[in-house]
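2 protein chains.
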Amino acid sequence: MTVNYAKRAEHVGRSATREILKVLDRPEIISFAGGLPAPELFPVEAIKEACSAVLDEAGEQALQYSTTEGFLPLRKAIVKRMEAVGVPTDADHLLILTGSQQGLDLTGKIFLDKGDTVICESPTYLAAIQAFKAYEPRFAEVAMDDFGMRMDELERTLQQNPGAKFIYTIPDFQNPTGRTMVLERRKQMVALANQYDVVILEDNPYGAIRFAGEALPPVKSFDTEGRVIYLSTFSKIFAPGFRLGWICAESDFMNRYVSFKQASDLHSDVFAQRVAAKYLELNDLDAHIQKIKAVYHARREIMMHCIETCLPGHLKHSAPEGGLFIWVELPESINVQALFDRCLKNNVAFVSGDSFYPNEAKQNAFRLNYSNMSEERIKEGMKRLGEALSEYA
Amino acid sequence: MTVNYAKRAEHVGRSATREILKVLDRPEIISFAGGLPAPELFPVEAIKEACSAVLDEAGEQALQYSTTEGFLPLRKAIVKRMEAVGVPTDADHLLILTGSQQGLDLTGKIFLDKGDTVICESPTYLAAIQAFKAYEPRFAEVAMDDFGMRMDELERTLQQNPGAKFIYTIPDFQNPTGRTMVLERRKQMVALANQYDVVILEDNPYGAIRFAGEALPPVKSFDTEGRVIYLSTFSKIFAPGFRLGWICAESDFMNRYVSFKQASDLHSDVFAQRVAAKYLELNDLDAHIQKIKAVYHARREIMMHCIETCLPGHLKHSAPEGGLFIWVELPESINVQALFDRCLKNNVAFVSGDSFYPNEAKQNAFRLNYSNMSEERIKEGMKRLGEALSEYA
Chain A
1 MTVNYAKRAE HVGRSATREI LKVLDRPEII SFAGGLPAPE LFPVEAIKEA
51 CSAVLDEAGE QALQYSTTEG FLPLRKAIVK RMEAVGVPTD ADHLLILTGS
101 QQGLDLTGKI FLDKGDTVIC ESPTYLAAIQ AFKAYEPRFA EVAMDDFGMR
151 MDELERTLQQ NPGAKFIYTI PDFQNPTGRT MVLERRKQMV ALANQYDVVI
201 LEDNPYGAIR FAGEALPPVK SFDTEGRVIY LSTFSKIFAP GFRLGWICAE
251 SDFMNRYVSF KQASDLHSDV FAQRVAAKYL ELNDLDAHIQ KIKAVYHARR
301 EIMMHCIETC LPGHLKHSAP EGGLFIWVEL PESINVQALF DRCLKNNVAF
351 VSGDSFYPNE AKQNAFRLNY SNMSEERIKE GMKRLGEALS EYA
Chain B
1 MTVNYAKRAE HVGRSATREI LKVLDRPEII SFAGGLPAPE LFPVEAIKEA
51 CSAVLDEAGE QALQYSTTEG FLPLRKAIVK RMEAVGVPTD ADHLLILTGS
101 QQGLDLTGKI FLDKGDTVIC ESPTYLAAIQ AFKAYEPRFA EVAMDDFGMR
151 MDELERTLQQ NPGAKFIYTI PDFQNPTGRT MVLERRKQMV ALANQYDVVI
201 LEDNPYGAIR FAGEALPPVK SFDTEGRVIY LSTFSKIFAP GFRLGWICAE
251 SDFMNRYVSF KQASDLHSDV FAQRVAAKYL ELNDLDAHIQ KIKAVYHARR
301 EIMMHCIETC LPGHLKHSAP EGGLFIWVEL PESINVQALF DRCLKNNVAF
351 VSGDSFYPNE AKQNAFRLNY SNMSEERIKE GMKRLGEALS EYA
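Sequences listed follow chains A and B, in order. Using the UniProt record's numbering, read the first sequence as starting at 1 and increasing by one per residue. Using the UniProt record's numbering, read the second sequence as starting at 1 and increasing by one per residue.
The following block holds chain A by itself, in its conformation from the complex (with noise of 0.2 Å):
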């Protein structure tokens, strides 16, 4: 048998992460290499009332199919979380969507043809590049520093890419780095767009667990020509099992993303999406989301401290005020590959941060997680981290 795949297949692989927390599976591996939320907070009771009480009042309609652009009352809902960050929208702006992923590859889906480019943050997600690869895109890197993308740098690449289809960004708490862009660039990025006319794809899975510093508004609340696309979801601050993102866009992008969700999905699971309503009807989720943040924040502090207590003095690294990840750069003698081999013989893992960079990887960082773990395993697994790379001195 001959089999001619279609020439993405090529470029789409598995995720290195996705991968890699399947072999890390073993109980006696500490993995900080995963971006899961902490499950003990999972609202398990609560979302327990929340399915009865929806099968109860509305069983029928909860199992049935339904609408591509979802389920209104938690549409509603939405819109009123997206005014109080500084979007005001309505439901006719919103699409739920099967996971925030879902809308990386709508993105992908609606804008790239082959050959078009993606303007991204470098380092990005690595799940948005697997995404937009699907459709073989160019993908054009722009650096960043502590204060996010750099401007100058995002000009140069405008100037350098006419015709980029998208800036994609992940403003608060960036994955992989943790970062977060500055007011001011925020501003900025806006400017450009319209400048060069390009359509920004502002990603935010993070920006409600911020427990420092001051709150920003996100990019979309500067946008004046409605071309800023919002992407969020609720597996950071509710559940990740659920599948549930949205995205806020104008109208006319927002008929493409339900015309290719409808060809892609049909709909998202309906129950699931009545059940996330009903438990933000009858619960109060901003409360839910301070217990994390507190939690979140004290896991932060360790990893903080155990990285200048267990970890060699002159390795770089972010310093998030919220978010999942730390990233933590090496010096160039030190191979980030084999770093991590020498770290999986001593039981500790991470994501090297090669797999976040949609061109040439780069060997010399690594993403750390520190949502979904006690602040005894962190200490245990930062000591062991410090070891494998004390045999570098």
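Bear in mind the hints are in silico, worked out from the structure with no lab data behind them. Be aware that one or more of the hints could be misleading.
Pair ranges (Cβ atoms, derived) [what the hints assert, rightly or not]:
| hint | chain 1 | residue 1 | chain 2 | residue 2 | range |
| --- | --- | --- | --- | --- | --- |
| 1 | A | 76 | B | 81 | 37 to 43 Å |
| 2 | B | 88 | A | 298 | 48 to 54 Å |
| 3 | A | 53 | B | 114 | 46 to 52 Å |
Only pairs whose alpha carbons sit at most 35 Å apart, straight line, appear in this in silico DSBU-like list of lysine-lysine [said to hold, decoys possible]:
| hint | chain 1 | residue 1 | chain 2 | residue 2 |
| --- | --- | --- | --- | --- |
| 4 | A | 379 | A | 293 |
| 5 | A | 379 | A | 48 |
| 6 | B | 114 | A | 362 |
| 7 | A | 80 | A | 48 |
| 8 | A | 80 | B | 48 |
| 9 | A | 48 | A | 316 |
| 10 | A | 76 | B | 48 |
| 11 | A | 7 | B | 187 |
| 12 | A | 362 | A | 133 |
| 13 | B | 362 | A | 7 |
| 14 | A | 48 | B | 80 |
| 15 | B | 48 | A | 293 |
| 16 | A | 7 | B | 114 |
| 17 | B | 76 | A | 7 |
| 18 | B | 76 | B | 133 |
| 19 | A | 76 | A | 133 |
| 20 | A | 48 | B | 187 |
Covered by chain B, per the in silico footprint, the following chain A stretches (three or more residues, Cβ under 8 Å) [said to hold, decoys possible]:
| hint | stretch |
| --- | --- |
| 21 | 60-69 |
| 22 | 107-115 |
| 23 | 127-135 |
| 24 | 216-229 |
| 25 | 239-245 |
| 26 | 252-261 |
| 27 | 356-365 |
Where a beta carbon is used, it is the ideal one built from N, C-alpha and C, also for glycine.
Starting from the structure of chain A, add chain B where the hints point.
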């Protein structure tokens, strides 16, 4: 603002049926347009028990991120169901999908470069056309008769389209015609696929809903070279709201499906998967399917009777032994769009047949659904349809 969408955005509009469903929400309209299961048969109480059991026993895991492949006990339960219909397999060759619609999308994504050929029945499932069109293929339609896709026509089409990527077929109670491919043709289809070295995508959402005649083994049961990809769903036998489908295929295909599903939505709703698995553990799904079959059989009988008694005698129509649809052909003198408009005024609706042709739309047929409505409403709706048609006499 200038927006340059991908070229594929020109090809994908919203599905006619799904858009019609929204219009047809008015209670005075009797709609035979949808393809919805009977919601009064959804096992709401059993699902409520399953939800509680899942949350009590494994709440944290049910709400967390999980593997792309899907929940293993659910895949194992599907293995048993596949074996029961003549397709021995194992969990490694099963992938849980976000509805079988996702399987259509992923198949397009994996196999189709722009300009590649998809071979399909004429007419065929409109949402499959929509899913494939996103990848800009050509469609080669193969004529059907009452015994399914015609094999002489298929061979001619294979000769005329060397390098066609796959044959898309719905062998059981086809959507939209309700026709079933006879046993001999299933074997012939595999033999032709082997001879012409082409993949078969067997879409089988309705096979389990057979209420008359003898069950036929899936096309995949005759697969000698691992070239048949089998797609099915829980939507018609359990509940569509959960968006749970599956694909069964050989390892090389499976690797691609897993990679591309990862890029599309990471994984399907874990909670829904665990609830389905728990339902299957605690209940007898086959007994439940018996109930569905009894109800649909009665509704089909009523609708067939009404076709004979309320509609003009010269109309050709299919006589399905299962599934959800009957296909009615019109004389050349009646344009189906005009009839549709006349019917809407009469508060009755169907899907006009033209939606089911990927190339040139034929205006000479329509699809009737009988699963979603009481016998009384079927009678009343068919009376209204007969009145609309009688104006052409």
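Right, here's what the structure says about each hint:
1. A/76 with B/81: 37 to 43 Å: Cβ of residue 76 of chain A to Cβ of residue 81 of chain B: about 39 Å, so the range 37 to 43 Å holds.
2. B/88 with A/298: 48 to 54 Å: Between residue 88 of chain B and residue 298 of chain A, where Cβ atoms are some 52 Å apart, the hint holds.
3. A/53 with B/114: 46 to 52 Å: 48 Å, holds
4. A/379 with A/293: 19 Å, holds
5. A/379 with A/48: 34 Å, holds
6. B/114 with A/362: Holds, because 33 Å separates the two Cα atoms, which is no more than 35 Å.
7. A/80 with A/48: Distance ~24 Å between residue 80 of chain A and residue 48 of chain A Cα, so the pair holds.
8. A/80 with B/48: Roughly 30 Å between the alpha carbons, so the hint for residue 80 of chain A and residue 48 of chain B holds.
9. A/48 with A/316: 44 Å, violated
10. A/76 with B/48: With Cα atoms ~26 Å apart, residue 76 of chain A and residue 48 of chain B stay inside 35 Å; holds.
11. A/7 with B/187: Since the Cα atoms of residue 7 of chain A and residue 187 of chain B sit roughly 31 Å apart, the hinted pair holds (cutoff 35 Å).
12. A/362 with A/133: With Cα atoms ~18 Å apart, residue 362 of chain A and residue 133 of chain A stay inside 35 Å; holds.
13. B/362 with A/7: Answer holds: residue 362 of chain B to residue 7 of chain A is near 33 Å, not above 35 Å.
14. A/48 with B/80: 30 Å, holds
15. B/48 with A/293: 32 Å, holds
16. A/7 with B/114: 10 Å, holds
17. B/76 with A/7: 33 Å, holds
18. B/76 with B/133: 33 Å, holds
19. A/76 with A/133: Measuring from Cα to Cα gives roughly 33 Å; hence the hint holds.
20. A/48 with B/187: Measuring from Cα to Cα gives roughly 48 Å; hence the hint is violated.
21. 60-69: holds (count 9)
22. 107-115: holds (count 5)
23. 127-135: holds (count 6)
24. 216-229: holds (count 3)
25. 239-245: holds (count 5)
26. 252-261: Per the Cβ count (6), the hint holds.
27. 356-365: violated (count 0)
In summary, the structure is inconsistent with hints 9, 20, 27 from the numbered list given earlier, while agreeing with the others.
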